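Chemist: Chains A and B, in that order, are what the protein sequence lines are. Residues in the first sequence are numbered from 36 upward in steps of one, following the working numbering. Residues in the second sequence are numbered from 71 upward in steps of one, following the working numbering.
Simulated from the structure, these hints should not be mistaken for laboratory data. Please note that the accuracy of each hint is not assured.
[As the list claims (entries may be wrong)] A few chain B residues facing chain A, derived, Cβ under 10 Å:
#: 1; residue: 121
#: 2; residue: 124
#: 3; residue: 138
#: 4; residue: 141
#: 5; residue: 153
#: 6; residue: 159
#: 7; residue: 164
#: 8; residue: 216
#: 9; residue: 225
#: 10; residue: 232
#: 11; residue: 234
#: 12; residue: 246
#: 13; residue: 286
#: 14; residue: 306
#: 15; residue: 308
#: 16; residue: 312
Just so it is clear, the structure is predicted and the values come from calculations on it, not from any experiment. For each residue, glycine too, the CB sits at the ideal point set by N, CA and C.
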Amino acid sequence: MPEKTKPEKSQPENLKSNNTKQTFEPNSRMNTRDPYVSVPNTGAPNTPVKAPEQRSQTKGQPVPFRGGGFAPVSRPWMGFVVFFILIAFLEAGTRIGFISALTMPKPSDVFNTFVELYNSGLLWTHLVPSFTRFVIGAAIGSLMGVSLGIAIGLFSYVRAGLVPLIAALFPVPKIALLPLFVIWFGIDEASKYALIAFGTFTPMVVATYGAVDNVDRGLIRMGQSFNLSWFSIVRKIVLPGAMAGILSGLRIGLAIAIILLVAAEMLGAEYGIGAYILQAGSLYDLERLFTGVAILSILGVLVNSAIGLIEKRVLRWRGV
Amino acid sequence: MDIKLAGIHHTYGDREVLRDINLDIASGQIVCIVGPSGCGKSTLLRLLGGLERPTLGDILQVGNTPEGCLNPLTYVFQDFALLPWRTVAGNISLVLEDHGIGQAESQEIINDVLARCKLSDFADVFPKQISGGMKQRVAIARALAVNPAVMLMDEPLSALDSQTRELLMDDIVSLWTRQPFTAVYVTHNLAEAVRLGHRIVVLSRRPGEIREIVNIDKPLSERRHADPDLEQQQNALWQMMRDEAMAADAELINA
Numbered sequence: 036m037p038e039k040t041k042p043e044k045s046q047p048e049n050l051k052s053n054n055t056k057q058t059f060e061p062n063s064r065m066n067t068r069d070p071y072v073s074v075p076n077t078g079a080p081n082t083p084v085k086a087p088e089q090r091s092q093t094k095g096q097p098v099p100f101r102g103g104g105f106a107p108v109s110r111p112w113m114g115f116v117v118f119f120i121l122i123a124f125l126e127a128g129t130r131i132g133f134i135s136a137l138t139m140p141k142p143s144d145v146f147n148t149f150v151e152l153y154n155s156g157l158l159w160t161h162l163v164p165s166f167t168r169f170v171i172g173a174a175i176g177s178l179m180g181v182s183l184g185i186a187i188g189l190f191s192y193v194r195a196g197l198v199p200l201i202a203a204l205f206p207v208p209k210i211a212l213l214p215l216f217v218i219w220f221g222i223d224e225a226s227k228y229a230l231i232a233f234g235t236f237t238p239m240v241v242a243t244y245g246a247v248d249n250v251d252r253g254l255i256r257m258g259q260s261f262n263l264s265w266f267s268i269v270r271k272i273v274l275p276g277a278m279a280g281i282l283s284g285l286r287i288g289l290a291i292a293i294i295l296l297v298a299a300e301m302l303g304a305e306y307g308i309g310a311y312i313l314q315a316g317s318l319y320d321l322e323r324l325f326t327g328v329a330i331l332s333i334l335g336v337l338v339n340s341a342i343g344l345i346e347k348r349v350l351r352w353r354g355v
Numbered sequence: 071m072d073i074k075l076a077g078i079h080h081t082y083g084d085r086e087v088l089r090d091i092n093l094d095i096a097s098g099q100i101v102c103i104v105g106p107s108g109c110g111k112s113t114l115l116r117l118l119g120g121l122e123r124p125t126l127g128d129i130l131q132v133g134n135t136p137e138g139c140l141n142p143l144t145y146v147f148q149d150f151a152l153l154p155w156r157t158v159a160g161n162i163s164l165v166l167e168d169h170g171i172g173q174a175e176s177q178e179i180i181n182d183v184l185a186r187c188k189l190s191d192f193a194d195v196f197p198k199q200i201s202g203g204m205k206q207r208v209a210i211a212r213a214l215a216v217n218p219a220v221m222l223m224d225e226p227l228s229a230l231d232s233q234t235r236e237l238l239m240d241d242i243v244s245l246w247t248r249q250p251f252t253a254v255y256v257t258h259n260l261a262e263a264v265r266l267g268h269r270i271v272v273l274s275r276r277p278g279e280i281r282e283i284v285n286i287d288k289p290l291s292e293r294r295h296a297d298p299d300l301e302q303q304q305n306a307l308w309q310m311m312r313d314e315a316m317a318a319d320a321e322l323i324n325a
């Protein structure tokens, strides 16, 4: 019994090693024809085995790789490198002197001005009202924009009536309307909120109804086929489906809100980043001007990464 | 609950897609609808479930819906129609949420249908993470969760590869054998029709008319892959449809 099992075990191995020979059937047939010659024939399989070697002797070239590029790859440090090189270049240029102090302040001086501003406590005096205006204005604008965008996406009468109106309002420079807003809402904060809200509103409407249009109709039909209520379909299918588009609209809307915030503050505010920049500009104080600009840039980066975080949370299902 | 179609005509604009369809769908049976592409079989299914209104004719529900039925006419779609932002369990709970069912009872239903569709280990994954076959199992589980009177299956296996299709056909057969359900099963695949259908309705090319109704008496559980009886039936169906399919294939889309 153990003797029998041994060849059985070794058989599959033989088969495996024979696999290469199996393709050269003519030779194996010759073997079966005259079993007497089988001993000298053990060398015979060598001749067909040589065939692939011969083939490999004619030199092959590796297939060239052509599939690279185009797919975005995460390189998180690259942004910092660019910032660093740019600032280092400006610092070196202003110190050595090939960039005149009249055209560009030293980045280190800008930083010192920022520290001074922080130490004097004036930073918060400017930042708090600016931030309040930004938050309130952008919140009103994006809430109204998203609501109207959803209404346009869902109701054909609203769409037919309001899409042309939105198209007419979108290209109007909102800053030009500030005097009008001052008359409507008063010289105080309300007119600034209105300006920022109006600026955020139009891109949010357009982004939202575009996103609602792009929700998979098959999913809505599925909801209807299961007798879900209209409100359920909107809340559980349309809104989550449009969320990606709404959030990318929010990126644009909030950037516009920052621009309008500064514009509103330049036109009439005692405190605020915009007022600070305007003041520095009229005194040609480049250090302070750039400090203000840097604060705005940082605000923009922060807002952008905040939206990135929200996207990561809300759109987690896309990443898994 | 039975469904009765009486004199259904349907047109899209000037184009007639369905002509004089009269059909009774008896409860506890799977009725397969086959026909060349563009013959209006998917349209017929949409009419059956009330997603579209027929131009002429009546579609009647005869008899009472079964006990605990939340959605008498329930679809299983070709493209699964799962919400990608909800987990497998969440997709099933979606269709229970509007019916005022308590948390515990709803969880019980979800666990039951997941177990019936062999999905218990996949309750908390997202649709993106599972294969096409698993996604269609989720869609079938979701349909079973509302305890439908009639399941309306629109080419449910057409988006799957042939091996997965075999596996899912076995699953559908075993689901039916354990607890018979009524289904209208639209397909262009005759092998599926002869495996799953108690009755096979053959439609002609557009405008779709009923050409023939074939009854297959062999019990579902005894039908096997490559069964000679079924092959014969399938061939007979193919002979019947071949010329129509060729003519439909040569037609211009918007003519």
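Chemist: Let me make sure I understand: some of the numbered hints might not hold for this structure. Which ones are they, in numerical order?
Modeler: 2, 3, 6, 9, 10, 11, 12, 13, 14, 15 and 16
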